[in-house]
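Top to bottom, those sequences are chains A and B.
The first sequence begins at 124 in our numbering and counts up one residue at a time.
The second sequence begins at 124 in our numbering and counts up one residue at a time.
Careful: at least some of the hints might be erroneous.
Which copy is meant is left open, so a pair is good if it fits within one copy or across any two.
Okay, derived cross-link-like pairs now, EDC-like style, lysine to aspartate or glutamate, Cα gap no bigger than 16 Å in a straight line [claimed, not checked]:
hint, residue 1, residue 2
1, K206, E196
2, K206, E195
3, K311, E177
4, K149, D280
5, K311, E179
6, K149, D265
7, K240, D265
8, K311, D344
9, K240, D162
10, K237, E272
11, K146, D265
12, K338, D207
13, K146, E179
14, K146, D162
None of these hints come from the bench; they were simulated from the model.
2 protein chains.
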Amino acid sequence: MRILYHFWISPACRKVRLALNEKGLKYELVVEKDWERRDGFLALNPASEVPVLEDENGAVLADSQAIVEYLEETYEDVPLLPKDPSLKAEARRLIAWFDRKFQTEVTDNLVEEKLMKRLMRAGTPNTAAIRAGHHNIHYHLDYISYLTERRSWLAGDEFSLADIAAAAQLSAVDYLGDVPWEQHPTAKIWYSRIKSRPTFRPLLADNLPGMPAPKHYADLDF
Amino acid sequence: MRILYHFWISPACRKVRLALNEKGLKYELVVEKDWERRDGFLALNPASEVPVLEDENGAVLADSQAIVEYLEETYEDVPLLPKDPSLKAEARRLIAWFDRKFQTEVTDNLVEEKLMKRLMRAGTPNTAAIRAGHHNIHYHLDYISYLTERRSWLAGDEFSLADIAAAAQLSAVDYLGDVPWEQHPTAKIWYSRIKSRPTFRPLLADNLPGMPAPKHYADLDF
């Protein structure tokens, strides 16, 4: 059986779940609180970071980008990257943009401060960081609008891992109700196209007891 | 002509230079102070981050991993990743380890604080961060020793982009004289094998006026 060690709100884990779903690959989800540094999990990934994928063939894979590149090479029926090397580089540039830049400038400031600190009992939220996150998200939504005014999807004509990486980040922030969709109608149209894909539905069903998602989170007509 | 926009001490740029050198590809280096956010550079990479590669065919590529994956797919004569998808995933896991984890835990604390802040006139070094960098580097050198006691190179039998990513980070910290090689003899042997490759030599010639490298930096018998 294929197993994904994950934590539900983690954008890196959401990215891998979406890639697996798009490729039609079945897997079991195991919740891992990676900050607890469980011995059995450290043996799978010495960085003690979710996601970790144990594939059916026994391969153990860590790092969200290493995992999706592996899936891309191993399960080719539903490609999630363009074939042409330059177009593929453009998709990978955008994946890195969302995995790293959006994560640092927005998600760390909002999801880490408002939700993870509470879950991990790791102190009180830093209000300056939260303010920075609210400020920075506009710039990223503008960039999504800019790209989708010129292309069908973020990296080009086809839906790709770039859309998946961006949607994985935004869905985590959207769980907090912190995405100002109304001010970014073009980005909202792009997100609603992704949200209505059947592969996205399991993410919309995620719910944290005691900290439920806002009503619009799972609503396809938000 | 192929052009690499770079900044000499940046590990991400050093990683791309090493990959280009290993593949025997010629290129011109253009120094870019990306923190100045020059308009012409923003047009090449809206993230305003080095490295950016302009390939001979006119393709413009940003993000160090997107660039080296592109080089791997486009110039196949000297492969720098294993062929097998699981082994390739292991190499990519380690690349991410050094690109992200080492960068955050060590390089940001030492190179950013001690050298970049001075260059960018961005305030005084944070002594707590520097202390953390000195503390964390031991853990990473132990991990390099652990891996190379079991494998010829970091990711397996062959020299790969994992070795390049690790050496790129360590070479930047070594420019400050902040790598405690004597306490990590196995990691030192691995680094001396990389340092003696002809492809590494241009990095050892880098020098900042007014802040010269320590004597051992360019010394193959350090």
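Hint-by-hint comparison with the structure:
1. For the identical chains of this complex, K206 and E196 are neighbours both inside a copy (12 Å) and across copies (10 Å), given an alpha-carbon limit of 16 Å.
2. Both within a single protomer and between protomers do K206 and E195 lie at most 16 Å apart by alpha-carbon distance, with minima of 11 Å and 14 Å respectively.
3. Neither within a single protomer nor between protomers do K311 and E177 lie at most 16 Å apart by alpha-carbon distance, with minima of 34 Å and 33 Å respectively.
4. Neither within a single protomer nor between protomers do K149 and D280 lie at most 16 Å apart by alpha-carbon distance, with minima of 27 Å and 32 Å respectively.
5. For a Cα distance limit of 16 Å, the shortest separation of K311 from E179 qualifies neither inside one copy, at 37 Å, nor across copies, at 38 Å.
6. Taking the shortest Cα distances, K149 and D265 never come within 16 Å of each other, neither inside one copy (35 Å) nor across copies (37 Å).
7. In this assembly of identical chains, K240 and D265 lie within 16 Å of each other by CA distance neither inside one copy nor across copies; the values are 28 Å within and 30 Å between.
8. Taking the closest pair of Cα atoms, K311 and D344 come within 16 Å of each other only inside a single copy of the chain (11 Å); across copies the shortest separation is 58 Å, beyond that limit.
9. Within a single copy, K240 and D162 get their C-alpha atoms no closer than 22 Å, and across copies no closer than 38 Å, so neither meets the 16 Å cut-off.
10. For the homomeric pair K237 and E272, neither the shortest alpha-carbon distance inside one copy (32 Å) nor that between copies (43 Å) is at most 16 Å.
11. Taking CA atoms no more than 16 Å apart as the test, K146 paired with D265 passes in neither setting, with 29 Å inside one copy and 38 Å between copies.
12. With identical chains, the CA atoms of K338 and D207 are never at most 16 Å apart, being 41 Å at best within one copy and 45 Å at best between copies.
13. For the identical chains of this complex, K146 and E179 are intra-copy neighbours only, at 15 Å inside a copy versus 35 Å across copies, given an alpha-carbon limit of 16 Å.
14. Neither within a single protomer nor between protomers do K146 and D162 lie at most 16 Å apart by alpha-carbon distance, with minima of 31 Å and 40 Å respectively.
In summary, the structure is inconsistent with hints 3, 4, 5, 6, 7, 9, 10, 11, 12 and 14 from the numbered list given earlier, while agreeing with the others.
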